[in-house]
Amino acid sequence: QSVLTQPPSASGTPGQRVTISCSGTDSNLGSNTVNWYQQLPGTAPKLLINTNNQRPSGVPDRFSGSKSGTSASLAISGLQSDDESLYFCSTWDDLLNGPVFGTGTQVTVL
Amino acid sequence: QLQLRESGPGLVKPSETLSLTCSVSGDSISDFNYSWVWIRQSPGRGLEWLGHVYYGGSTHYNPSHKSRVTISTDTSKTEFSLKVKSVTAADTATYFCARRSVRLGAFDVWGQGTAVRVSS
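Those protein sequences? They're chains A and B, same order as listed.
Counting from 1, one number per residue, gives the positions in the first sequence under the working numbering.
Counting from 1, one number per residue, gives the positions in the second sequence under the working numbering.
Read the hints as simulated data drawn from the structure, not as lab findings.
These numbers were taken from a predicted model, which means no experiment stands behind them.
Do not take every clue at face value.
Not everything, but these chain A residues come out facing chain B in the computed CB check (under 8 Å) [said to hold, decoys possible]:
hint : residue
1    : THR5
2    : PRO7
3    : PRO8
4    : PRO99
5    : PHE101
6    : THR108
Every beta carbon over 12 Å from chain B, so not counted as near; a handful from chain A, in silico [stated by the list, open to error]:
hint : residue
7    : ALA10
8    : THR19
9    : GLY30
10   : SER66
11   : GLY69
12   : THR91
13   : VAL109
In this text, a Cβ means the ideal position worked out from N, Cα and C, and glycines have one as well.
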C-alpha cells in the first residue's frame, strides 16, 4: 500500500555517489516536506533526513536530501559498505490525512 | 534517552484480536510535541501507517483500517497499545511503534519491531 514510488534498487562502488528518487502527488510530496529513513536488515528504521534536507544529529554529511514539486531525492556521496541498506521516503498525505511511505530502495555497494 | 519496545504474541489465529503494547522508557508520552504511532511492514504491502494517539488520548486512524484498529494509552502514560480485531493472513507483518515529532513532522524514534503471524 506504499503511495510514494521509489526504484527498487540502486548500486555503486565505494566512493561513488548514489541518488535515490521518490515520486508522489500534489496531495503528498507536492504539499508537504519529505523525510528519509535507513533500515538495516532486521532492525528498525532510522531517521536519516527530515524536512527535505535536514540531517539529525549523528547523521554524516555524506547524506543529503532535496525536494522539488512532487519529487524528492536522497543522495549518498562517498559510498561506504556500511551504507548497504534499505532506504525509504515518507511524507504527509493531505487526502489520507496521515503519513505515507515509499516503496523502498535497496542500496548495494558493489 | 527515549526507548520504545513492542511486546505481544507472535502468533494470532484468524478472526481473533491482535493486541500489542509499546513500552516507553526515558520519557513520558504526556507531551503535546509528539504523537505515538503504530506502523506495520510486510513484503507485500510495504510500510503502512495504522494510526496515532495523542497526549490526552485523542486518536487518528488510517481510514483503510479504522473499523478494526484501536490505539490507546494507559493511565500512567508510559505505554500505548494497539488492537486489531478480526485479523486475517493479510495482517501478518512486523509491527513497529514509533514517536512522531510534531516539529519535525517525522518519526524520530522507533521500537525494534515485533513480528506477528496470523495462522491457525
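Each hint tested on the structure:
Below 8 Å, beta-carbon pairs count as interface contacts, and THR5 (chain A) has none with chain B, the closest being about 11 Å; its hint is therefore violated. Of the supplied interface hints, the one on PRO7 (chain A) is violated, with its beta-carbon coming no nearer than about 14 Å to a beta-carbon of chain B, more than 8 Å. Below 8 Å, beta-carbon pairs count as interface contacts, and PRO8 (chain A) has none with chain B, the closest being about 11 Å; its hint is therefore violated. The restraint placing PRO99 (chain A) at the interface with chain B holds, with a minimum CB-CB distance near 5 Å, inside the 8 Å limit.
Satisfaction of the interface hint for PHE101 (chain A) is found here, the shortest Cβ-Cβ separation to chain B being roughly 4 Å, below the 8 Å cut-off. About 18 Å separates the beta-carbon of THR108 (chain A) from the nearest beta-carbon of chain B, more than 8 Å, and the hint is not met. Non-interface status of ALA10 (chain A) relative to chain B is upheld: no Cβ of that chain comes within 12 Å, the nearest being about 17 Å off. Annotated as non-interface, THR19 (chain A) keeps its C-beta farther than 12 Å from every C-beta of chain B; the closest such distance is 21 Å.
The claim that GLY30 (chain A) is not at the interface with chain B holds, since no C-beta of that chain comes within 12 Å of its own (minimum 15 Å). Annotated as non-interface, SER66 (chain A) keeps its C-beta farther than 12 Å from every C-beta of chain B; the closest such distance is 16 Å. Listed as a non-interface residue, GLY69 (chain A) keeps its Cβ farther than 12 Å from every Cβ of chain B; the least gap is roughly 18 Å. Distance check on THR91 (chain A): its Cβ comes as close as 8 Å (rounded) to a Cβ of chain B, failing to clear the 12 Å threshold; non-interface status is violated.
Every C-beta of chain B lies more than 12 Å from that of VAL109 (chain A), the closest at about 23 Å, which supports listing it as non-interface.
In this structure, the earlier hints numbered 1, 2, 3, 6 and 12 are contradicted, and the remaining ones agree with it.
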